[in-house]
Amino acid sequence: MEVAQMQRRLVDYTKTLFMEFLGCSVLQLQQLQDESNPDFVVEVVSLFFDDSEKLLNDLSTALDQPNVDFKKVDAHVHQLKGSSSSIGAQRVKDACVTFRNFCEEQNIDATLRCLQQVKHEYYLVKNKLETLLRLEQQIMAAGGSIPMIEMGF
Amino acid sequence: MAADSEFHVLAVDDSIIDRKLIERLLKTSSFQVTTVDSGSKALEFLGLHEDDGIINTNTPSVSPNNHQWCLQEVEVNLVITDYCMPGMTGYDLLKKIKESSSLKNIPVVIMSSENVPSRISRCLEEGAEEFLLKPVRLSDLNKLRPHMLKTKIKDHQEPEKQDKEEKQQQPQSNNNNRKAMEEGISTEKIRPRLNGITAMV
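Protein chains in written order, with the working numbering: chain A, 1 to 153; chain B, 154 to 354.
So here's chain A without its partners, still in its complex pose (with noise of 0.2 Å):
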């Protein structure tokens, strides 16, 4: 495949990615990659899954609990609400703040439904974001620049 068609692909995935699942971020994430940082996307996209990922592990672990520590929990939930508002991941973060509002509760059903809703939300950003990064990096291995996406916000 040609770069001129890859970056095409690029820029429609990026548009769709944008438009179901992640603000604006995604294009400004993109905007503060250049020649002398070739790989911030990269990296920062790979500290939110490493992140997410722990926290999901200690919400797991804290929820098991025979008396659970709410305060705990609620705190493991709004650093993943943060990370996930910084990164644009909307639904991630929209998943995180119903999380909330049970834990206030102190609803253990309903926040275990919630942890569900929120694993579920990550999986799917996850994909698509890392279907992102393979997109850039194909056009990158084929000696391409990744294209400014106009959005005209």
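A hint or two may mislead.
With a Cα cut of at most 27 Å, we get these calculated DSS-like pairs of lysine-lysine [what the hints assert, rightly or not]:
no. : chain 1 : residue 1 : chain 2 : residue 2
1   : A       : Lys-15    : A       : Lys-126
2   : A       : Lys-15    : A       : Lys-128
3   : A       : Lys-71    : B       : Lys-194
4   : B       : Lys-180   : B       : Lys-296
5   : B       : Lys-296   : B       : Lys-248
6   : B       : Lys-173   : A       : Lys-54
7   : B       : Lys-194   : B       : Lys-303
8   : A       : Lys-54    : A       : Lys-119
9   : A       : Lys-119   : B       : Lys-173
10  : B       : Lys-257   : B       : Lys-305
11  : B       : Lys-180   : B       : Lys-303
12  : A       : Lys-128   : B       : Lys-173
13  : B       : Lys-296   : B       : Lys-257
14  : A       : Lys-71    : A       : Lys-54
15  : B       : Lys-194   : A       : Lys-54
16  : B       : Lys-296   : B       : Lys-194
17  : A       : Lys-72    : A       : Lys-15
18  : A       : Lys-72    : B       : Lys-194
19  : A       : Lys-119   : A       : Lys-72
20  : B       : Lys-194   : A       : Lys-15
21  : B       : Lys-257   : A       : Lys-72
22  : A       : Lys-15    : A       : Lys-119
23  : B       : Lys-173   : A       : Lys-126
Don't read these hints as lab results, they were simulated from the structure. Quantities reported herein were computed from a predicted structural model and do not represent experimental measurements.
Position chain B against the provided structure of chain A, taking the given hints into account.
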């Protein structure tokens, strides 16, 4: 030797992702950046020790795990900090900076993912220059330079001038300043009224 046009920003955030983002944003805006992950580390970097509040002018403070630490020659032109942090919050850090005779002139900007009006007014009242909502955008950082320039200009004028006098003059120059809006009544409006009263006597 840093060039005159290069401003050095100290960014404080406990989230590694947000630290990475703010660092990139600041560098893209042509600022020099140092990031730390807590308020106490920020104070250490600025040369202030929590316990005794005494500035360590002679000994460079060297942290076991970090690179460029606290030589008093490192000038910080602005501190940008997250509000919600474990231990010392951004608000606590702001207070400590404003209470310190050596650091109080450093402009402080607070960032938060939560839009809580009472939180915002509290920070602005305590002396924060701006309150930015996360996720922070590149355009938000354009608001930072004026605050840093203001400090540099002040430093070149008589540094012995009374602080109060300077503060009262600030609302005049900052038209878009959220702080001025929050404070409501500017000192400008008060003076004519007082003049009116004394004239009647």
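Now the hints, each set against the structure:
For the hint pairing Lys-15 (chain A) with Lys-126 (chain A), the CA-to-CA distance comes to about 16 Å; that is within 27 Å, so the pair holds. Proposed proximity of Lys-15 (chain A) and Lys-128 (chain A) is supported: the alpha carbons are some 12 Å apart, at most 27 Å. Restraint check for Lys-71 (chain A) and Lys-194 (chain B): satisfied, since their Cα atoms lie roughly 25 Å apart, inside the 27 Å limit. For the given pair, Lys-180 (chain B) sits about 15 Å from Lys-296 (chain B) by alpha-carbon distance, which is consistent with the 27 Å threshold.
Restraint check for Lys-296 (chain B) and Lys-248 (chain B): the C-alpha separation of about 21 Å stays at or below 27 Å, so the hint holds. As the CA atoms of Lys-173 (chain B) and Lys-54 (chain A) are separated by approximately 18 Å, the hinted pair is consistent with the 27 Å bound. Annotation: proposed proximity of Lys-194 (chain B) to Lys-303 (chain B) holds, straight-line Cα distance about 26 Å (limit 27 Å). For the hint pairing Lys-54 (chain A) with Lys-119 (chain A), the CA-to-CA distance comes to about 12 Å; that is within 27 Å, so the pair holds.
The straight-line distance between the Cα atoms of Lys-119 (chain A) and Lys-173 (chain B) is roughly 24 Å, inside the 27 Å bound, and the hint therefore holds. For the suggested pair Lys-257 (chain B) and Lys-305 (chain B), the alpha carbons sit about 14 Å apart, so the restraint of at most 27 Å is met. At roughly 20 Å between alpha-carbon atoms, Lys-180 (chain B) and Lys-303 (chain B) fall within 27 Å of each other, so this suggested pair holds. Our distance criterion of 27 Å between C-alpha atoms is met by Lys-128 (chain A) and Lys-173 (chain B), whose separation comes to about 21 Å.
Restraint check: the Cα-Cα separation between Lys-296 (chain B) and Lys-257 (chain B) comes to about 19 Å, which is no more than 27 Å; the hinted pair holds. For the given pair, Lys-71 (chain A) sits about 18 Å from Lys-54 (chain A) by alpha-carbon distance, which is consistent with the 27 Å threshold. With a CA separation close to 24 Å, the supplied pair Lys-194 (chain B) and Lys-54 (chain A) stays within the 27 Å bound. Note on Lys-296 (chain B) and Lys-194 (chain B): the hinted pairing holds, with a Cα-Cα distance of about 25 Å set against a maximum of 27 Å.
For the hint pairing Lys-72 (chain A) with Lys-15 (chain A), the CA-to-CA distance comes to about 37 Å; that exceeds 27 Å, so the pair is violated. Proximity of Lys-72 (chain A) to Lys-194 (chain B) is assessed by CA-CA distance (about 24 Å); at most 27 Å being required, the pair is judged to hold. For the suggested pair Lys-119 (chain A) and Lys-72 (chain A), the alpha carbons sit about 18 Å apart, so the restraint of at most 27 Å is met. With a C-alpha separation of about 40 Å, the suggested pairing of Lys-194 (chain B) with Lys-15 (chain A) is violated against the 27 Å cut-off.
The hinted pair formed by Lys-257 (chain B) and Lys-72 (chain A) fails the criterion: a straight-line CA distance of about 35 Å is larger than 27 Å. Between the alpha carbons of Lys-15 (chain A) and Lys-119 (chain A) the distance comes to roughly 24 Å, so the proposed pair stays at or under 27 Å and holds. Between the alpha carbons of Lys-173 (chain B) and Lys-126 (chain A) the distance comes to roughly 19 Å, so the proposed pair stays at or under 27 Å and holds.
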